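Listed below are the residues making up each chain.
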Amino acid sequence: AQKVTQAQTEISVVEKEDVTLDCVYETRDTTYYLFWYKQPPSGELVFLIRRNSFDEQNEISGRYSWNFQKSTSSFNFTITASQVVDSAVYFCALSEALRRIMRFGAGTRLTVKP
Amino acid sequence: DVKVTQSSRYLVKRTGEKVFLECVQDMDHENMFWYRQDPGLGLRLIYFSYDVKMKEKGDIPEGYSVSREKKERFSLILESASTNQTSMYLCASSPDRGLSNEQFFGPGTRLTVL
Chain F
1 AQKVTQAQTE ISVVEKEDVT LDCVYETRDT TYYLFWYKQP PSGELVFLIR
51 RNSFDEQNEI SGRYSWNFQK STSSFNFTIT ASQVVDSAVY FCALSEALRR
101 IMRFGAGTRL TVKP
Chain L
1 DVKVTQSSRY LVKRTGEKVF LECVQDMDHE NMFWYRQDPG LGLRLIYFSY
51 DVKMKEKGDI PEGYSVSREK KERFSLILES ASTNQTSMYL CASSPDRGLS
101 NEQFFGPGTR LTVL
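For the record, the sequence lines run as chains F and L.
Be aware that the first sequence starts at 1, since it is given in this note's numbering, and climbs by one per residue.
Be aware that the second sequence starts at 1, since it is given in this note's numbering, and climbs by one per residue.
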């Protein structure tokens with residue numbers, strides 16, 4: 001069975017703080033993809049990043065960075081110098097090889113206060 | 001610009017009513033998905049479709065059916081709405097069955113069943 005766990009239900013930080021959102025996954029597949037999505041208050045999920053199981057290089061995009069570690073089955077997301085506009089629900093997801101469907105975690109609600 | 005639209009943002013129905021949720025994508029995508037989103041549970045897959053007139057059950061198909069008569073349109077049907085189907089419903093599409101494909105989401109329909 002495939003499973004994605006986001007243990008942090010809600011996180012609240014003050015603007016300019018760094019924050020890390022945790023994601024742990026379980027899969028028996030050797031080939032898989034991991035994703036992060038952002039859901040702002042408007043409701044529409046927005047794709048942020050994908051990472052395949054053979055590429056453990058960390059990625060940085062502006063204030064966002066992602067740390068993928070197969071040894072701990074984790075794909076964590078860090079926002080540096082958070083801003084109020086980062087307030088949203090963030091979802092981690094795993095793409096299942098056999099049926100080609102996505103498994104989502106429960107989401108982490110991030111609130112950034114001014 | 002990629003677009004997935006859903007027929008209603010908010011819907012209120014009574015127990016026992018038949019409810020239709022419509023989703024349209026303009027990207028010529030092969031795959032379409034219906035999820036429901038509940039606090040603490042993340043997104044759970046109800047049904048998905050890889051082609052016109054094809055459908056497959058997701059993780060929670062009970063109480064729902066779907067219809068895909070045209071490539072761009074995927075309808076979710078609640079045959080007899082119940083209060084436990086009060087939820088946020090999200091539609092998504094993706095280009096094909098590639099493992100790496102991200103999904104594109106609509107804005108969601110918040111359904112309340114009284």
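Hints listed in this document are in silico derivations from the structure and should not be mistaken for laboratory results.
This structure is a prediction, so every number in the text was calculated from the model and none was measured.
A virtual CB, placed ideally from N, CA and C, is assigned to each residue, including glycine.
A few of these clues could be false.
What the hints assert, rightly or not - Once the Cα atoms are required to be at most 25 Å apart in a straight line, the calculated SDA-like pairs of lysine to any residue come out as: (1) K57/L to S71/F; (2) K38/F to R44/L; (3) K38/F to M27/L; (4) K3/L to L48/F; (5) K71/L to E96/F; (6) K38/F to E30/L; (7) K3/F to K3/L.
Claimed, not checked - These stretches of chain F come out as covered by chain L in the derived footprint (C-beta under 8 Å, 3 or more residues): (8) 40-50; (9) 104-110.
Right, here's what the structure says about each hint:
The suggested pairing of K57/L with S71/F is violated, with an alpha-carbon distance near 33 Å, which exceeds 25 Å. Pair hint K38/F plus R44/L holds up; C-alpha atoms about 16 Å apart against a cutoff of 25 Å. Proposed proximity of K38/F and M27/L is supported: the alpha carbons are some 21 Å apart, at most 25 Å. Taking the CA atoms of K3/L and L48/F, the gap is near 17 Å; set against the 25 Å cutoff, the hint holds.
Only pairs whose Cα atoms come within 25 Å are accepted, and K71/L paired with E96/F is accepted, the gap being roughly 23 Å. Taking the CA atoms of K38/F and E30/L, the gap is near 24 Å; set against the 25 Å cutoff, the hint holds. At roughly 29 Å between alpha-carbon atoms, K3/F and K3/L are farther apart than 25 Å, so this suggested pair is violated. Under a criterion of three residues with beta carbons nearer than 8 Å to beta carbons of chain L, the stated coverage of the segment 40-50 of chain F is upheld, 7 such residues being counted.
For a cut-off of 8 Å, the count of residues in the segment 104-110 of chain F with a CB near a CB of chain L stands at 4, and the three-residue condition holds.
In summary, the numbered hints that this structure violates are 1, 7.
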